[in-house]
Every structure is written in structure tokens, then in C-alpha cells.
Amino acid sequence: MNKATRSLLALAVAGALAVGTASADIPNNTIKLGVLSDFSGLYKDLGGDGSVVAAKLAVQDSGIEKKGIKVEIIQADHQNKPDVGSAIARRWYDSEGVDAIVDVPTSSVALAVAQVTKDKNKVFLASGPGSSDLTGKSCSPNTIHWTYDTWMLANGTGTAITKHGGNTWFFITADYAFGHALQHDTTAAVEKAGGKVLGSVNVPINTQDFSSYLLQAQSSKAKVIGLANAGGDTINSIKQAGEFGIVKGGQQLAGLLVFITDIHSLGLQTAQGLTLTTTFYWDMNAQTRAFAKRFAPLDKGIHPTMVHAGVYAAVLDYLKAVEALHDVKDGVKIVDEMKKMPTDDPLFGKGSIRVDGRVLHPAYLMQVKTPAESKYPWDYLKLVATIPADEAFRPLKDDGCSLVK
Amino acid sequence: MQALFGQLLVGLINGAFYAMLSLGLAVIFGLLNIINFTHGALYMLGAFCAWYILQSVHIGDFQLGYWSSLIIAPLVVGAFGVLIERTMLKRLYKLDHLYGLLLTFGLALVIQGVFRNEFGSSGLPYDIPPLLAGGFNLGFMFLPLYRGWVVVASLVVCLATWYVIERTKLGSYLRAGTENPALVQAFGINVPLMVTLTFAFGAALAALAGVMAAPIYQVSPMMGADIIIVVFAVVVIGGMGSIMGAIVTGFGLGIVEGLTKYFYPEASTTVIFVIMVIVLMIKPAGLFGKEH
Numbered sequence: 001m002n003k004a005t006r007s008l009l010a011l012a013v014a015g016a017l018a019v020g021t022a023s024a025d026i027p028n029n030t031i032k033l034g035v036l037s038d039f040s041g042l043y044k045d046l047g048g049d050g051s052v053v054a055a056k057l058a059v060q061d062s063g064i065e066k067k068g069i070k071v072e073i074i075q076a077d078h079q080n081k082p083d084v085g086s087a088i089a090r091r092w093y094d095s096e097g098v099d100a101i102v103d104v105p106t107s108s109v110a111l112a113v114a115q116v117t118k119d120k121n122k123v124f125l126a127s128g129p130g131s132s133d134l135t136g137k138s139c140s141p142n143t144i145h146w147t148y149d150t151w152m153l154a155n156g157t158g159t160a161i162t163k164h165g166g167n168t169w170f171f172i173t174a175d176y177a178f179g180h181a182l183q184h185d186t187t188a189a190v191e192k193a194g195g196k197v198l199g200s201v202n203v204p205i206n207t208q209d210f211s212s213y214l215l216q217a218q219s220s221k222a223k224v225i226g227l228a229n230a231g232g233d234t235i236n237s238i239k240q241a242g243e244f245g246i247v248k249g250g251q252q253l254a255g256l257l258v259f260i261t262d263i264h265s266l267g268l269q270t271a272q273g274l275t276l277t278t279t280f281y282w283d284m285n286a287q288t289r290a291f292a293k294r295f296a297p298l299d300k301g302i303h304p305t306m307v308h309a310g311v312y313a314a315v316l317d318y319l320k321a322v323e324a325l326h327d328v329k330d331g332v333k334i335v336d337e338m339k340k341m342p343t344d345d346p347l348f349g350k351g352s353i354r355v356d357g358r359v360l361h362p363a364y365l366m367q368v369k370t371p372a373e374s375k376y377p378w379d380y381l382k383l384v385a386t387i388p389a390d391e392a393f394r395p396l397k398d399d400g401c402s403l404v405k
Numbered sequence: 406m407q408a409l410f411g412q413l414l415v416g417l418i419n420g421a422f423y424a425m426l427s428l429g430l431a432v433i434f435g436l437l438n439i440i441n442f443t444h445g446a447l448y449m450l451g452a453f454c455a456w457y458i459l460q461s462v463h464i465g466d467f468q469l470g471y472w473s474s475l476i477i478a479p480l481v482v483g484a485f486g487v488l489i490e491r492t493m494l495k496r497l498y499k500l501d502h503l504y505g506l507l508l509t510f511g512l513a514l515v516i517q518g519v520f521r522n523e524f525g526s527s528g529l530p531y532d533i534p535p536l537l538a539g540g541f542n543l544g545f546m547f548l549p550l551y552r553g554w555v556v557v558a559s560l561v562v563c564l565a566t567w568y569v570i571e572r573t574k575l576g577s578y579l580r581a582g583t584e585n586p587a588l589v590q591a592f593g594i595n596v597p598l599m600v601t602l603t604f605a606f607g608a609a610l611a612a613l614a615g616v617m618a619a620p621i622y623q624v625s626p627m628m629g630a631d632i633i634i635v636v637f638a639v640v641v642i643g644g645m646g647s648i649m650g651a652i653v654t655g656f657g658l659g660i661v662e663g664l665t666k667y668f669y670p671e672a673s674t675t676v677i678f679v680i681m682v683i684v685l686m687i688k689p690a691g692l693f694g695k696e697h
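Chains A and B are the protein sequences, given in the same order. The working numbering puts the first residue of the first sequence at 1, with every later residue one more than the last. The working numbering puts the first residue of the second sequence at 406, with every later residue one more than the last.
Keep in mind the hints are simulated off the structure, nothing from the lab. Take the hints with a grain of salt, since some may be wrong.
Straight-line C-alpha distance at most 25 Å; calculated SDA-like pairs for lysine to any residue [stated by the list, open to error]:
1. A/223 / B/543
2. A/223 / B/540
3. A/221 / B/671
4. A/223 / B/408
5. A/221 / B/669
6. A/248 / B/534
7. A/248 / B/535
8. A/223 / B/545
9. A/56 / B/522
10. A/223 / B/669
Some, not all, of what chain A presents toward chain B, calculated at C-beta under 8 Å [unchecked claim]:
11. 45
12. 175
13. 202
14. 203
15. 211
16. 212
17. 219
18. 266
19. 267
20. 270
21. 283
22. 284
23. 286
Stretches of chain B that chain A covers, calculated by requiring three or more beta carbons in the stretch to come under 8 Å of a beta carbon on chain A [stated by the list, open to error]:
24. 409-417
25. 438-451
26. 546-552
27. 624-636
28. 656-670
Even glycine gets a Cβ: it sits at the ideal position worked out from N, Cα and C.
Chain A on its own, in the form it takes in the complex:
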């Protein structure tokens, strides 16, 4: 062995040791993220493949791989079933070395995954689910909830519309936990703002025809018809409301949970005038536009929904915390670090994470443009009002979260 070889070897050993010590708690210098979403059902377009794309873009933008830490992303379909979701989560944590689970639309699945994540002391970065229980009575030291929740939707849309004169409401409500929660929260917001709820009708999930319910809403003479439903139910009810001349007759439609993919599917001719609350719109500023431009070609032209944006921001913030701690094993520690650091990303801007795991960022009351106002593909929304971060989400004192002391 000559001198040159020897010194080279020594250097290699030293290098290996250095990396070894620096990343003692990141085994193999690899972080493994699992995107658990709906890849085949109702929420496929608003989460699904797009959520994987968003996670990958976040990894790219974090620059963490340049520092020698590899990030591996795997995905699975929870089929909107809590048992399937929690079984996948358990398998991922126990035998596949997944460090954090991302997205998880459908609240019932998310609540199950949050429990498994807590038991295994990993990290759950929720973007897809809506239930405000995730940071309320079912809050967990291992969960961070990005993007939106039922309280924020209800409060945003309910308060703003009531204050703008829409002070009598009728609800068309999906007859399951999510729909009832939305109606309940919105009713509270409407009444607080001085409005009145004239009536409501509970509609079974996956209903094709809403005309009977729309007629009831029409004859209630309420100024606003609140749609406390999601996905295909929302699309069908908006489509048929157009047909029955509800908006032309002077009543206003308020979609309590409407994603940009729903608007794309309805077309502006049908959706125009609809008021909704969102926390992200791709055409908001230069940074969001740049993101959409990178995102769309990777997801069949779909422009990012707020759920996709939430996945991006959550992964970015998570990687920042892991990098700062050099630890990927202790879930609670990582989540605590994330709560300590302010959040800052190109899509939601500056924000913070509260002790209950709720991420605070502004929300926006938007209105769907008319076909004439829309100038280019996916040009669908215009801003009506901005709800500041400290007003957009449920106050800590009303949380019922055990982490709040």
C-alpha cells in the first residue's frame, strides 16, 4: 500500500465517520415518507397522484438531498376505509421503515392513522382530511394538520356571506358525520354573525338527483343555500341548482367544501357565482403560479388543489425540522420542533404551528368567475376577502385538545 492510497483510505474512513456521527439518528441517511391517499375513488383528483407529485417537488425544493440525506417516497391507496388505512399505516411503520405519513383525505381514515402514528411515535402530516377533531378532542402530539378543517370552512363561508347580506340560510346536508359537523359549525357561525337558519334537509351520500331537495330549498325562500356535502354530491347539487334556476331566481349558493377540481369538472357556465373558502389558489401570486406550472404537467394537467399545496408545505417544513434535529426517529420531538419554528413556504407564506398541531395561515373567501371573466385555462376564482390567520381557525380555548394547558 503506497502512501497515496493510505491517505485516501484514511480520508474515506474519516468521511464515513463524520457522516455517521452527524446523522446518527437518520439510519442509512434515508428518510422515508409514505403518501397515504385516495388513488381510486372520489378524492383521487384532489389528492391521489397529485399529492405524490407535491411531496416529490417539496423534497426537490428542500435541497436536503444535496446534503447527503436521501428521501424516499412511497404511496398507497386507503380506499377511504379506516381499517384499510390503519392497516397500511401499521405495516409501513412496523416493517417498511416509514418515518412519516402524509395527506390522508377522508376524516375517518385520518383519525385512525393519527392514533396509529401516536402509538408508534412517528409523524402524521395531515393535509387531505377535514375534521377539526384532529386538532380538537382527538388531537395528538404526533399530528400536524395543514390546509383546512371543517371549523375554518364553516366559519369562513358562513360568517362572510352572512355579513355580506346573506342572512337567511337553508342547508342541503350530506347525511353522515362530516355533513352534520359542517352544518352544525356553519349554523353557529351564521347565527353569531346575526343570520338565521330557516331549515335543512339531510340527503343520503352519493345521491344522483337533488331536484327534490333543491325544490325544498327554493320554497324556503332562504337567501343562501348552504351545501354541506363534498365531491360528487356537491357537483350534482350545483349542476342541478343551475338547471332549476336557483341562482337566477335570486338565491345564492354557498359550497362549504369545494375544490378547484370540482369547479373544473362543473365548468364555469354552471359553477359561476358560487362562493367558497379555500386556503390556496394556484393563481394567487408569482410563486403559486410557478408551482402550478411545475405541478400540472406531472399530474395530467390538473392544477394543484389546496390539499396538494398542503402536502407540499407540510413535507417542506417536516424536512426542515428533521434536518435541524438530525433525528428522524422521535416523532414527538420532530413535531415539537416544527411547532417551535415559524412556517414559511412559497405557497402559504409565513405562518405558525399551534400547540394543538393546527397550522395557522390565512384563508380566502373566493367567488367562481363567469365564463367571460376567465381568460385562460383553470382561471376560475376571484378573491372576495382575506381572512387573517388568527381569525381563520378555531380559537385554542374552544379546542377541547388535551395538549392545551
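Dock chain B against chain A, hints included.
Chain B in isolation, oriented as in the chain A frame:
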């Protein structure tokens, strides 16, 4: 009282879709003895065909696309039906009903899966053709013009089908062919061709319903799966294979469902199945079915 009239009318409109879909199922079952689970998928294909045509021939504001779809989509889907019948179903006629059911059920899942993968789950936009937009105020309710058109068109199609099968010579060949194919063949009638065309006709009816549904329901890969179960219940209540039974129960159950939506909305998706259970207990062959 006014509201009640409205609900009755709305029920009738929904009944029009049930009638058209269950009619196709009844024709196929009555003449081919196949329990056709692809029917929902064929209905969905009809709606997607309409969307595709609209994309490719959109001329100015006048949606020529819709009107041509009413003819082209059933033809395309009918041709697809021929393909299914010739290549797959033909082999199953001698076997138990169950095999046909399993094959068509599997096929429906495959078709839906392919479309979901290709077009996503939130569906595609489809507006009401301008000629049929708007509506009248009937005093007790606002009737969209398009809905009126759906009821009239579906009644015409249903009654014409019933007439052809029950009252014409062609219909009598069809019915005879299913009773005793060998004998009818001996008279020089091409029975296999007749059977293929019958299946194609059933498929075309589903596609026609799909085109008519496109402007008012969500055009999505799952639209057929959502409605097919109800339609099966309609056929069972009417009596498997009974043409008139399918039409009358289709409209009748639409009205019952409409009333349920008014008096007890939570039960509106279950009421049809409750009726199905009662009918099966009292008259197992269905309201209009013949007991063997």
C-alpha cells in the same frame, strides 16, 4: 300541496331514467337470459361518448354536439355491445345465469377502472344544450325545459320498444327465438344475429339514457355504478324480463322515491329496496312477471 305536486313531477322525471335503463335490462334478460351488469358501464360510456362528441364538434354556441350524440353515442355503444356479445357472452348461453352475471360484473369493473384511471374521479363538464335551457313556471314549481324533454323522450322510447317487441312480427320472432331457438332457426330465421342485435339494442338504450343524463348528472366514471343497483331493484320489482313491468315500475318507483324525498329524505335511497323486499315476499316473480 304545491310542494307535493312538485315532488310528484320530479319523481316522474327520475322515473324516466329508471324506466329507460330498466327497459334495456329487461329486454336483455327477457330475450337473452343474461343478467347484464355492464348496463351501468354502458350508460356511463354513453355519457362519455356525448362528452367526447361535444369536444370534437363544438360549433359556435349551438351545441350540435348534444343532438348528434343522441344518435351517435347509442350507435357506438351498440357496436361495443355487439363486440361483447360476439366475443364473450355468446359462450355463456348454455351455462347457468350466474356465469353471465359474473362476467358482466367483472367487465363493468374493468371498464369503470380504465375510465377512472384515464379521466379521474371528479368528472367532466357538460352543459345543457341552449335550445333546452331555461324552463317554465308551472305555478307550483319551476320546471326546467330539459327535464320535460327527458320525460317525453323517454316515454316515447319506452313505448316504442314495448310496441315493437309485443305487437310486431319482428317482436314475435324475438320472443319465439328465446322460447325455442332451434325451432325458429328451422323456419329460416337467423337467431344468433337476432340475439346479437337485441343485446346491441339494450346497450344502445343504456347509452341513450347516458347522453340524456350528461347535462344534469355528474359525468363521471362511477355514474353507472351508482345507479345500476337501483335499476336492478326496479327490474326485480317489475318482474325480470317483463317489458311493460320495467316501464311502469320505473316511473312508479321514481314517484315513490320523490315522495320519500319530501316526507322522509333520509330514507330516499332505501325505500326502493324496502319495496323490493316486500314484493319478493308477496309475489316472488315481480309485479308483472309470469310465474313458471
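Hints, one by one, checked against the model:
1. About 22 Å separates the Cα atoms of residue 223 of chain A and residue 543 of chain B, which keeps this hinted pair within 25 Å; it holds.
2. The suggested pairing of residue 223 of chain A with residue 540 of chain B holds, with an alpha-carbon distance near 21 Å, which does not exceed 25 Å.
3. Of the supplied pair hints, the one linking residue 221 of chain A and residue 671 of chain B holds, its CA atoms being roughly 22 Å apart against a limit of 25 Å.
4. A hinted pair counts as satisfied when its Cα atoms are at most 25 Å apart, and residue 223 of chain A with residue 408 of chain B qualifies at roughly 19 Å.
5. A distance of roughly 21 Å separates the Cα atoms of residue 221 of chain A and residue 669 of chain B; the hinted pair therefore holds under the 25 Å criterion.
6. Proximity of residue 248 of chain A to residue 534 of chain B is assessed by CA-CA distance (about 18 Å); at most 25 Å being required, the pair is judged to hold.
7. A C-alpha spacing of about 16 Å is found between residue 248 of chain A and residue 535 of chain B, which places the hinted pair at or below 25 Å, so the restraint holds.
8. About 20 Å separates the Cα atoms of residue 223 of chain A and residue 545 of chain B, which keeps this hinted pair within 25 Å; it holds.
9. This hinted pair checks out: residue 56 of chain A and residue 522 of chain B have alpha carbons roughly 21 Å apart, not beyond 25 Å.
10. Simply put, residue 223 of chain A and residue 669 of chain B have alpha-carbon atoms about 24 Å apart, close enough for the 25 Å limit, and the pair holds.
11. At its closest, the beta carbon of residue 45 of chain A sits 4 Å from a beta carbon of chain B; the interface hint therefore holds under the 8 Å criterion.
12. The beta carbon of residue 175 of chain A comes within 6 Å of a beta carbon in chain B, closer than 8 Å, and the hint placing it at the interface holds.
13. Here the hint on residue 202 of chain A is kept, as its CB sits about 5 Å from the closest CB of chain B, short of 8 Å.
14. Given hint, residue 203 of chain A at the interface with chain B, holds; its Cβ is 6 Å from that chain's nearest Cβ, closer than 8 Å.
15. Using the Cβ-Cβ criterion of 8 Å, the hint placing residue 211 of chain A at the interface with chain B is satisfied: the shortest such distance is roughly 5 Å.
16. With a cut of 8 Å, the hint placing residue 212 of chain A at the interface with chain B holds, because the nearest CB-to-CB distance is about 4 Å.
17. A least Cβ separation of about 6 Å between residue 219 of chain A and chain B falls short of the 8 Å threshold, and the interface hint therefore holds.
18. A hinted interface residue such as residue 266 of chain A counts as satisfied when its beta carbon comes closer than 8 Å to some beta carbon of chain B; here the least separation is about 6 Å, so the hint holds.
19. Interface hint at residue 267 of chain A: satisfied, since its Cβ lies 3 Å from the closest Cβ of chain B, which is below the 8 Å cut-off.
20. Evaluation of the residue 270 of chain A hint against chain B yields a held restraint, the C-beta minimum of about 6 Å falling below 8 Å.
21. Of the supplied interface hints, the one on residue 283 of chain A is violated, with its beta-carbon coming no nearer than about 19 Å to a beta-carbon of chain B, more than 8 Å.
22. Given hint, residue 284 of chain A at the interface with chain B, is violated; its Cβ is 21 Å from that chain's nearest Cβ, farther than 8 Å.
23. Taken as an interface hint, residue 286 of chain A does not check out: its beta carbon lies about 27 Å from the nearest beta carbon of chain B, beyond 8 Å.
24. Coverage of the region 409-417 of chain B by chain A holds in this model, with 4 residues showing a Cβ closer than 8 Å to a Cβ of that chain against a need of three.
25. Counting residues of the region 438-451 of chain B whose CB lies closer than 8 Å to any CB of chain A gives 0, so the stated coverage by that chain is violated, three being the minimum.
26. Three residues within the 8 Å Cβ limit are the bar, and the region 546-552 of chain B against chain A gives 5, so the coverage statement holds.
27. For the region 624-636 of chain B, the assignment as covered by chain A holds, since 5 residues bring a beta-carbon within under 8 Å of that chain's beta-carbons and 3 suffice.
28. With 4 residues having a Cβ less than 8 Å from any Cβ of chain A, the region 656-670 of chain B passes the three-residue criterion, so the hint holds.
Checked against the numbered hints above, the structure violates hints 21, 22, 23, 25; every other hint is satisfied.
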